[in-house]
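Undergrad: Protein chains in written order, with the UniProt record's numbering: chain R, 1 to 304; chain A, 1 to 304.
Because the hints were derived from the structure by calculation, they are not lab data. It is possible that part of the hints are untrue.
Taking beta-carbon pairs under 7 angstroms as the criterion, some of the chain R residues facing chain A (in silico) [what the hints assert, rightly or not]:
(1) Phe45
(2) Ser116
(3) Cys161
(4) Leu179
(5) Ile183
(6) Gly202
(7) Met239
(8) Arg244
(9) Leu245
(10) Ser254
(11) Asn259
(12) Glu261
(13) Lys279
(14) Gln283
(15) Gly288
Treat the numbers as computed from the prediction; the structure is a model and nothing was measured. Even glycine gets a Cβ: it sits at the ideal position worked out from N, Cα and C.
One letter stands for each residue in the lines below.
Number of protein chains: 2
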Amino acid sequence: MFHFLSRLLPKEEINKLMKSVMSNEVYSYNGTSEYFNELKNLPKFSSVTNFLDHWTGEVDVHLLDLKDEASTKKVSTHEAMSYYDQGMGLLFNDLNLFDEKMQDDLNRLCGDFGVSRATMSRNLVYATPKGGGTATHFDQNINLVLQLKGRKSWWLKENECVRNPLTRHTLGTISDPELSSYIDSPFPDSIKYDEEYELSEGSLLFVPKGHWHKTHAHDDSLALNFTFSLPSWVDILSMALRARLIQSEYWRDSVIGLNSETSAKEKLSLFETLLDSLKSDIQSWDAGEILSFIEFSEGEESNE
Amino acid sequence: MFHFLSRLLPKEEINKLMKSVMSNEVYSYNGTSEYFNELKNLPKFSSVTNFLDHWTGEVDVHLLDLKDEASTKKVSTHEAMSYYDQGMGLLFNDLNLFDEKMQDDLNRLCGDFGVSRATMSRNLVYATPKGGGTATHFDQNINLVLQLKGRKSWWLKENECVRNPLTRHTLGTISDPELSSYIDSPFPDSIKYDEEYELSEGSLLFVPKGHWHKTHAHDDSLALNFTFSLPSWVDILSMALRARLIQSEYWRDSVIGLNSETSAKEKLSLFETLLDSLKSDIQSWDAGEILSFIEFSEGEESNE
């Protein structure tokens, strides 16, 4: 029934993980797995240097000012090691696009989690030098983290200021205006963490969306992330709405001429007519049909 | 009243251009202007070589297979000239971002046209070698073209297959699935143009959105485009809808767990409740308020 998780966790643990994923709660497992044993024997995962030798894409360096993805720089594999040696973390994006087996496993995990077809899923590899780590932030996506090399600690805390954020945010930085528009209370100056999760080689951690977290590498560390940017219900509705409205050339018409009073009035009156027709049309919209349209209609898969 | 067009055209011509822009029709002017005289004296616009010397960004090369933006490659300024010498057109993106005066003039033209704040406006420079040009295509944006160096012919034809397309399309290529979903009839194999517009130095051409066009350079040619990607009414509605719905944590909630029947039913039932609340809420939405929200609300300007 579970096509990838069965290689990652014992049966009873799979159910615990699934419960955590569905309720957006932290899950951790300190053990080893068939999947981890496969990966650890691959030369590229044996050290940061070896991974760099296998990598052909660009590398994101997490600069030291924020120790965070909010402050990154793209460098070549050639340059990456000197940043790493200076204590900076490296991020390798979209490993799945370079590795067919990885992509297959990622697809299987998509199936196991039952994510929407509108999900953007990918594999990320984080190389963190001993003593390095990320500053407190939260992500809008969910991550399943497999610790490959070295030990790394994670501190996580539920977010009391906002549920289901649609944007990542680093503590102490200026917040995105859209994010600010819906937070329940201002972000604090610091986070008091209650729990530390120390991951060793083979450990697994589920990082729920929106949870504050920071990390610290006790050794030179390599970790593999399965990252899922899940669509929200707003996204599902917007996709369906767009697909429907663009069938009309009037909805597709451009907004221009707002500076002349005559023309602006004309444009506004057109928009009123369109909005009125939508107010009536939307009454017959069916949630099941919309969801089916997104999940099962023909056309390009967005999940890659 | 017109802050930029007054430097570009005589008074009586401005009204003709404005009428064409508002009704999405071709406009051309073969004359000279205060603005053109300013530009032609700038060293960078005196030749392709000089422009390349002044340019610090990347250059898009239009490869010979399609002679079109659908087939491009990014190269350095250093490499660009050899592609040009082999007959390939060069595109320099976003000149306004490198030139403050250009950005000011672009902003003035935005005001003269009365475009929405959600418009993406920019300056493009096209360098086309003698004998070169673009293959037949249409754009979803509108372009005001000022011919700076050499002579270049344009052929334009109204699009009988689709009005107000939201995606560009090159004749003979596979069409974007979204575009295919709303065309009135299949695209033809070839376009029979009725009219040729030969631009000489200082000539101006308004290229309406969606009109088929192709070009041919009679000499080495440099042209400056004022390009406006105008939002559609669908875009305006979607932005307002999103801003409103994301205030609810339930609308922001992620779509996951669609593979288990119990969980999928629960999710669908939540979506039904959300959709029902929208069906009722939308009845009080006001077209004028939505437009004001997009055009006059605080927050970041998207127009840059």
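Undergrad: Confirm or reject each hint.
TA: Hints versus structure:
1. The beta carbon of Phe45(R) comes no nearer than 28 angstroms to any beta carbon in chain A, farther than 7 angstroms, and the hint placing it at the interface is violated.
2. Given hint, Ser116(R) at the interface with chain A, holds; its Cβ is 4 angstroms from that chain's nearest Cβ, closer than 7 angstroms.
3. Given the 7 angstroms rule on beta carbons, the hint for Cys161(R) is violated: about 12 angstroms separates it from the nearest Cβ of chain A.
4. For Leu179(R), the interface hint is violated, since its Cβ never comes within 7 angstroms of a Cβ in chain A; the closest pair sits about 9 angstroms apart.
5. Nearest Cβ of chain A to the Cβ of Ile183(R): about 11 angstroms, over the 7 angstroms cut. The hint is violated.
6. Against a cut-off of 7 angstroms between C-beta atoms, the interface hint on Gly202(R) is violated, since the closest Cβ of chain A lies about 26 angstroms away.
7. Violation of the interface hint for Met239(R) is found here, the shortest Cβ-Cβ separation to chain A being roughly 10 angstroms, above the 7 angstroms cut-off.
8. Taken as an interface hint, Arg244(R) does not check out: its beta carbon lies about 9 angstroms from the nearest beta carbon of chain A, beyond 7 angstroms.
9. Annotation: interface hint on Leu245(R) holds; nearest CB of chain A at approximately 5 angstroms, less than 7 angstroms.
10. A hinted interface residue such as Ser254(R) counts as satisfied when its beta carbon comes closer than 7 angstroms to some beta carbon of chain A; here the least separation is about 4 angstroms, so the hint holds.
11. Because the beta carbon of Asn259(R) sits about 3 angstroms from the nearest beta carbon in chain A, less than 7 angstroms, this interface hint is met.
12. Using the Cβ-Cβ criterion of 7 angstroms, the hint placing Glu261(R) at the interface with chain A is not satisfied: the shortest such distance is roughly 10 angstroms.
13. Checking Lys279(R) against chain A by beta carbon gives a least distance of about 6 angstroms; that is within 7 angstroms, so the hint holds.
14. Taking 7 angstroms as the C-beta contact cut-off toward chain A, the hint placing Gln283(R) at the interface holds, the least distance being around 6 angstroms.
15. Among the interface hints, the one on Gly288(R) holds; its C-beta lies about 6 angstroms from the nearest C-beta in chain A, closer than the 7 angstroms criterion.
Hint compliance for this structure: hints 1, 3, 4, 5, 6, 7, 8 and 12 are broken, all remaining hints hold.
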